[in-house]
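J.: Residues per chain, in single letters:
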Amino acid sequence: MKKPIIEFENFGFQYRAQAAPTLQDINLTLYEGETVLIVGPSGSGKSTLAHCINGLVPFFYPGTMTGSLRIQGKEQRSLSIFQLSELVGTVLQDPDGQFVGLTVAEDIAFKLENKNVPQAEMIGKVAAAAEAVDILAQLRSSPHELSGGQKQRTTLGGVLVDDVGILLFDEPLANLDPRTGKSAIELIERIGSRPDKTVIVIEHRLEDVLHGRVDRIVVMHEGRIRADLTPGELLSSDLLAETGIREPLYITALKYAGCRITPDGRPEHIDSVRLDDGVIGKLKSWYESQDREEIPEEREAVLELEQVDFGYDADRLILRDVSLRIGQGEMVSIVGKNGAGKSTLSKLICGFHHPGRGRILFRGRDMRGDTIKERSRHIGYVMQNPNQMISKGTVFEETAFGLQVRGVSGEELKERVFAALRICGLYEFRNWPISALSFGQKKRVTIASILVMKPDVLILDEPTAGQDYRHYNEMMEFLLELNRGGITVIMITHDMHLMMEYAHRTIVLADGRKIADDRPAAILTDPAVVATANLKETSVYELARRAGVGEPKEFVRRFIAYDRRIRAR
Amino acid sequence: MKAKMLTYTRLESPIHRLTGAVKLIFFALWSVTAMITYDTRSLLAMFLFGLVMFKISKVKFRDYSFVLYLILFFMLLNQLAVYLFSPAEGVKIYGTSHEWFHIAGRYNVTWEQLFYQFNILLKYFTVIPMALLFLLTTDPSEFAASLNRVGVSYRIAYAVSIAMRYIPDIQRDFHNISFAAQARGIDMSKKEKLGARIKNVSAVLMPLILTSLQRIETVSAAMELRAFGHGRTRTWYNARPFGKADFAALAIIVAILAGSMLLTFHDGSRFYNIFERTE
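Protein chains in written order, with my numbering: chain A, 458 to 1026; chain B, 35 to 313.
Be careful, since some hints might not be right.
[What the hints assert, rightly or not] No farther apart than 30 Å at their CA atoms in a straight line, the calculated lysine-lysine pairs in the BS3-like style are these:
id, chain 1, residue 1, chain 2, residue 2
1, B, 227, A, 830
2, A, 911, B, 233
3, A, 830, A, 849
4, B, 225, A, 871
5, B, 126, B, 157
6, B, 225, A, 911
7, B, 233, A, 804
8, A, 911, A, 871
9, A, 639, A, 531
10, A, 911, A, 899
11, A, 830, A, 804
12, A, 899, A, 830
13, A, 582, A, 654
14, A, 804, A, 911
15, A, 460, A, 582
16, A, 830, B, 233
17, A, 849, B, 227
18, B, 233, A, 871
19, A, 899, B, 233
20, B, 227, A, 871
21, A, 639, A, 993
22, A, 830, B, 225
23, A, 712, A, 993
24, A, 911, B, 227
25, A, 804, B, 227
26, A, 654, A, 459
27, B, 225, A, 849
28, A, 582, B, 278
29, A, 849, B, 233
30, B, 225, A, 804
31, B, 94, B, 157
Treat the hints as calculated values from the structure; they're not laboratory data.
Isolated chain A, as found in the complex (with noise of 0.2 Å):
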């Protein structure tokens, strides 16, 4: 018999400051040792029902419930926050910001230290529960000497140190890069599969999560149910492109060469889903009917560097011997794991540091002697976080800023301003205030307020980092369309359907090096390159080594192509 764990019973929440509420009608159980994802795009309402069941609803965010909500039968409302923190263990997504401790032991330690549990106990069981997530070795270290990955891995043990029996990770998968993702992916799944412990994923990555086991699927529209169901259900229906979730690649290969998904195929992970004679005949022909290559057009260099050198002591480069060239008109990726040297090479192009060694050539003339704020007339640098860009009231007031500082004033001001945000699409919120943004929409401001300055160049840090499927296209197909008006783009991505679908061609940095300047899709079909950058092989290159069709290189080369003509119409 399955023992209800998590019960919304007509259960609403609208928080204190909002006038419509964000969940309504929740009629959803939850079973003892189940591992359910719930996934939904953003605004969809999943992380306010995350934080109904850990109780930052309503201790930590104030509003109104209606219905019921029993955690383990007891009623939501009747428990504080810390009686629920008993029952409901919390990984939250930003994994730096919720590293409270010094060190990586006091970190997991810090619950019982709360409950009072003595010293000499608690070392024993944050030993066990470092164990358990593989972070041992790490005890003392600082958060500052850990990557991503290990920090999450950290809080998870701090999580499980104190034994609850609800695991919720709210989004896991946002800050880390595929190959980290997946290893987390790896240790949820692990640690779910002890029968007293039932995990609830919160999470748009939809392929990455069903690379681990997941019994039930949520799905989240706005602020509804719209769905429970399984995996090979979901995969098999129409809700994906409905609710704005992107479907895995593998599947959208096998749609491509026209196969019907069905739940009996086991579509829901590459290594099940069935592949007959049916389907491999389709994915033949399908290929078959695909061109050869196509050969590059030669560009025109607007940025290139020279075997550039850096290092902040002269014994240990950051940068080694790196040559680059980038084409007018390019889009262009770049990508390798923390540490790699892809933001001390931004910092290079727009004149933080200088070269050690080499040169930065700028339409073919050295930039050597050029300052930062002249280099800013041609090249443009817009960062992951618009909250980090933003300083100024008003969209207009944060556009103008940098013309202003220029000496621009008077008409010519409010035209360019114009100019730029007509292209953002942000002219009728010109004057909004920016706190009333979207996070979709801030970042445009920041895009808006570089474009301004009439850049030759854009560098963008992490374009689409923490956006959904929807505003993910949204703001890629922007970037698109500045790109083919003219403006070279330069992208620092760890998302790897980012390259497969938009980029020129991709750059690979590790150790300072760079490996690797290829296309896309040889990038992604290269397992060494894969590893050394911590990205993942995608799915489709493992569905066409499975299905045996063609050359497994090639397959991704003209999914990739097929992919781009699709999306282009």
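Model the placement of chain B on the given structure of chain A, informed by the hints.
T.: Showing chain B alone in chain A's frame:
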């Protein structure tokens, strides 16, 4: 990256092994003693004691060299200022005047003034090594536990610890934000006029404040979810019981305080006078 400055490094020495609470009490009483006394003998003895402690602690020169140079520079300025503002302070205190040479107007150099300023210098040299030593040898995570032990509320003690945890993150935010601002042509260097510079600095401060507030929100949510603030007390993973060495250190500082006070006040004046009255 930049070299770590004035931060705790894990080393094995008797000083490192002392608990943070004892080091804090020691440092506080030491500073009080050095502030009160102008007795040169006492100050000299304490200065030498400080040097010996430094030697025992095995702290590396490069860990504090930059700060030390900075302090030395400001000390020099301070000495000059003391002389410029009151060149006859020594004469007033010691009641005699032995002129060495005369500069101009009311500025002459007396042995009394030199001796007075030498004493001030000595005070700094007594306190500074101990302050450095305290910062360099106290494990920040154990320090919060120590504060709690000496009676500070655990919420405040933890606030100290969390501040230490997030200072590097906020520094990194600051670097990133100022990089993005400068890449937008917002100049904060001396090339810009002062008015514009102040305005441009706000372009960095505003986002920094907002990002930091966001950090605080995330951290406090994470802490609440892990039962922080639930009980009246909490235990500490890194707490350390007082050992023999800790009690010995406390005994030593009380003895130093008492000895210094005795030496200083037994003749009824804070100042140790080496000058003979020559009426």
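J.: State for each hint whether it applies.
T.: Structure-based check of all given hints:
1. B:227 <-> A:830: Judged against 30 Å, a Cα distance of about 15 Å means the pair holds.
2. A:911 <-> B:233: holds, 23 Å
3. A:830 <-> A:849: Given pair residue 830 of chain A, residue 849 of chain A holds - Cα atoms ~20 Å apart, limit 30 Å.
4. B:225 <-> A:871: Roughly 27 Å between the alpha carbons, so the hint for residue 225 of chain B and residue 871 of chain A holds.
5. B:126 <-> B:157: The given pair, whose Cα atoms are some 20 Å apart, holds under the 30 Å limit.
6. B:225 <-> A:911: The given pair, whose Cα atoms are some 24 Å apart, holds under the 30 Å limit.
7. B:233 <-> A:804: holds, 23 Å
8. A:911 <-> A:871: holds, 14 Å
9. A:639 <-> A:531: Distance ~35 Å between residue 639 of chain A and residue 531 of chain A Cα, so the pair is violated.
10. A:911 <-> A:899: holds, 19 Å
11. A:830 <-> A:804: holds, 13 Å
12. A:899 <-> A:830: Satisfied, since the Cα-Cα distance of roughly 24 Å is no more than 30 Å.
13. A:582 <-> A:654: holds, 18 Å
14. A:804 <-> A:911: Holds, because 20 Å separates the two Cα atoms, which is no more than 30 Å.
15. A:460 <-> A:582: holds, 28 Å
16. A:830 <-> B:233: holds, 16 Å
17. A:849 <-> B:227: holds, 20 Å
18. B:233 <-> A:871: OK: residue 233 of chain B and residue 871 of chain A at ~21 Å, within 30 Å.
19. A:899 <-> B:233: holds, 22 Å
20. B:227 <-> A:871: Judged against 30 Å, a Cα distance of about 25 Å means the pair holds.
21. A:639 <-> A:993: holds, 8 Å
22. A:830 <-> B:225: At roughly 11 Å apart (the allowed maximum being 30 Å), residue 225 of chain B and residue 830 of chain A satisfy the hint.
23. A:712 <-> A:993: Satisfied, since the Cα-Cα distance of roughly 22 Å is no more than 30 Å.
24. A:911 <-> B:227: This hinted pair holds, its Cα atoms lying about 25 Å apart.
25. A:804 <-> B:227: Holds, because 25 Å separates the two Cα atoms, which is no more than 30 Å.
26. A:654 <-> A:459: holds, 13 Å
27. B:225 <-> A:849: holds, 23 Å
28. A:582 <-> B:278: Since the Cα atoms of residue 582 of chain A and residue 278 of chain B sit roughly 29 Å apart, the hinted pair holds (cutoff 30 Å).
29. A:849 <-> B:233: OK: residue 849 of chain A and residue 233 of chain B at ~11 Å, within 30 Å.
30. B:225 <-> A:804: Satisfied, since the Cα-Cα distance of roughly 20 Å is no more than 30 Å.
31. B:94 <-> B:157: holds, 23 Å
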